[in-house]
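Put together the whole structure using the sequences plus the hints.
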Amino acid sequence: MFDPTVFENLKIAFENQLYDLDNVDDVITIIDRKDNLDLAVMSRTWTLTFILTQLELDEAPISAEIVLSSSVQDLAGEILEQEAAYPACNLMLRFHCLIDNPLEQCPKIEHVIRGIWERDMVPRQLLSALYDNELHPIEGSSIWLPIVYQNTIELPFNRRINEDQMEDIEQLIQYTINTLEAVGHAVL
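For what it's worth, our numbering labels the leading residue of the sequence shown as 1, then goes sequentially.
Each hint should be verified, as a subset may be incorrect.
[To be verified] Each computed SDA-like pair below joins lysine to any residue, with the alpha-carbon atoms no more than 20 Å apart:
hint : residue 1 : residue 2
1    : Lys-11    : Asp-38
2    : Lys-34    : Thr-152
3    : Lys-108   : Leu-188
4    : Lys-11    : Ile-79
Just so you know, the hints here were simulated from the structure itself, not pulled from any lab data.
Note that the structure is a prediction, hence the values are computed from the model and not measured.
As structure tokens, then:
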């Protein structure tokens, strides 16, 4: 008989609540879901990406992504019931948005995220842009800068989660929704 792993149980718990918020409550719209097994290192990664249904952010599209991952050591220790094993998963949140003024908008984004999470969770912001796509020159210089940047904001959790945190999933999702809305308003 197959006994689900911690990874499977957490994934299903997240999916149940997120799909209810999409299909029943119409709070979010799920736009992507991935469940990957990396055969090279035998790790699992599950991601679910969503946007807010009711938020009018056409000018600044923004999405949230929940990332749950587990290594081969975690899976093997749990399946083989090793005494020293501590079955758990890594959790990270990602937010994706477009910005046009990084020097102003990035500090605002960091400020609203720190205000919501109220912990030592420091967001990492990665800016990227396509070369030769909507560039504008800097006056008096031969340097050209992008008009719009893709900002990927990562919020890694500094501890691993397991089934003991199942009760926290609903609150974590609500914080993620609150963050998605706040970041959207910060970039406007």
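Okay, the hints, checked on the actual structure:
1. A distance of roughly 17 Å separates the Cα atoms of Lys-11 and Asp-38; the hinted pair therefore holds under the 20 Å criterion.
2. Restraint check for Lys-34 and Thr-152: the C-alpha separation of about 18 Å stays at or below 20 Å, so the hint holds.
3. Proposed proximity of Lys-108 and Leu-188 is supported: the alpha carbons are some 11 Å apart, at most 20 Å.
4. Proposed proximity of Lys-11 and Ile-79 is supported: the alpha carbons are some 17 Å apart, at most 20 Å.
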